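Chemist: With the working numbering applied, the sequence shown covers 1424 to 1776.
Honestly, I wouldn't trust all of these hints.
To be verified - Below are the DSS-like pairs computed for lysine-lysine, each with C-alpha atoms no more than 25 Å apart in a straight line:
#: 1; residue 1: K1507; residue 2: K1494
#: 2; residue 1: K1526; residue 2: K1505
#: 3; residue 1: K1494; residue 2: K1505
#: 4; residue 1: K1507; residue 2: K1526
The hints are simulated quantities; they were obtained by calculation from the structure and are not laboratory data.
Just so you know, these numbers come straight off a predicted model, no measurement behind them.
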Amino acid sequence: MSEKIAAAVWVKPRRRFGFGAFLAAVGLAVVLLVSSMSGSSSAASATHRARTGHVKRRVVTPAQQQSINAKVDALLGRMTVKEKFGQLEMAGPTSDNNVTLAKEAQAGEIGSVLDLTGRSAIDTVQQAALASRLHIPLIFSLDVIHGYRTMFPVPLGEAASWDPQAAQQDESVSAAEATADGIKWTFNPMVDISRDPRWGRVVEGAGEDPFLASAIAAAKVRGYQGDNFSDPTKVAATIKHFGGYGAPVAGREYNTVDMSTQQLFNDYLPPYKAAVDAGAATVMSSFNSLNGVPNTANPYLLTQILRDEWGFGGTVVSDYQAVQELEEFGYAASDAQAAQEALTAGVDIEMAV
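Make the full structure from the sequences, and use the hints.
Modeler: Pasting the structure below:
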């Protein structure tokens, strides 16, 4: 995000939860990701722990939490506006063997990385981030959907088993294997209800039934995250794509969604709510518009429903380059306005690879 965009957004905060959600984003970087630097066990041993349940859990006491909060507050007080906005930017691998990516990390211009895999590559970029002025580690993320090294049935197949416990175990193993490589954030589960076979992403979700999809969504969140973020074999889960992404007109990807409030709440929102109630750390806003408003810039969804009504206190990430597309599709007049519309509606991190 350029300084021009940062200035356009920062001087006009309108969203009630903006700073709290930003704290959540920085908190993920400070608290969750430190464990990605310390894991030295192999993927095989991590998988064994996930399967057998032999994982030592560290419970954070109130005193420890107070200490963490104080450290985060102190860190925020030292950050420049540019560094704060850097935490809200997600970048990806660069074609120069990630030299540019490492430079951005060392300059404090990014807070998270998408699609960088391999322990050596991740460690190299992470070391660059730790050499930055404030030594804030990066969050490394990936679409860990139905397995990382060990492959499990596709999500629609998992749901067809009607066995949430099996789905939970699958994601627990996937998380253990991913964290062994330094991945601490997955963009899954996809909990979109889909009832049109023409839509090309039906296989990524749990199908057409809100009851089954809700049970599977909650189970997958528990599998990925467990009950303690300090567990080195767990990852932050992401509910996607919020909301109504599986109901595009004519089944066409990216297409608009038009539906009544009754249908939205009765048929399409329950799986998202179940995943929020299960403790999902992050939510991804969807590409589509809902009744004329792009979900990337939709305060009704991202603030009124998600935060005010459901009490979600985590982090919202945009889908791939969705903030930029607000300008490309004519909703925003400039990149600065696109950033402002997204941030003030409820998006905390821009996936701007």
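Chemist: Hints first: check each against the structure and report whether it holds.
Modeler: Here is how each hint holds up against the structure:
no. : hint            : in the structure
1   : K1507 <-> K1494 : 15 Å, holds
2   : K1526 <-> K1505 : 15 Å, holds
3   : K1494 <-> K1505 : 20 Å, holds
4   : K1507 <-> K1526 : 17 Å, holds
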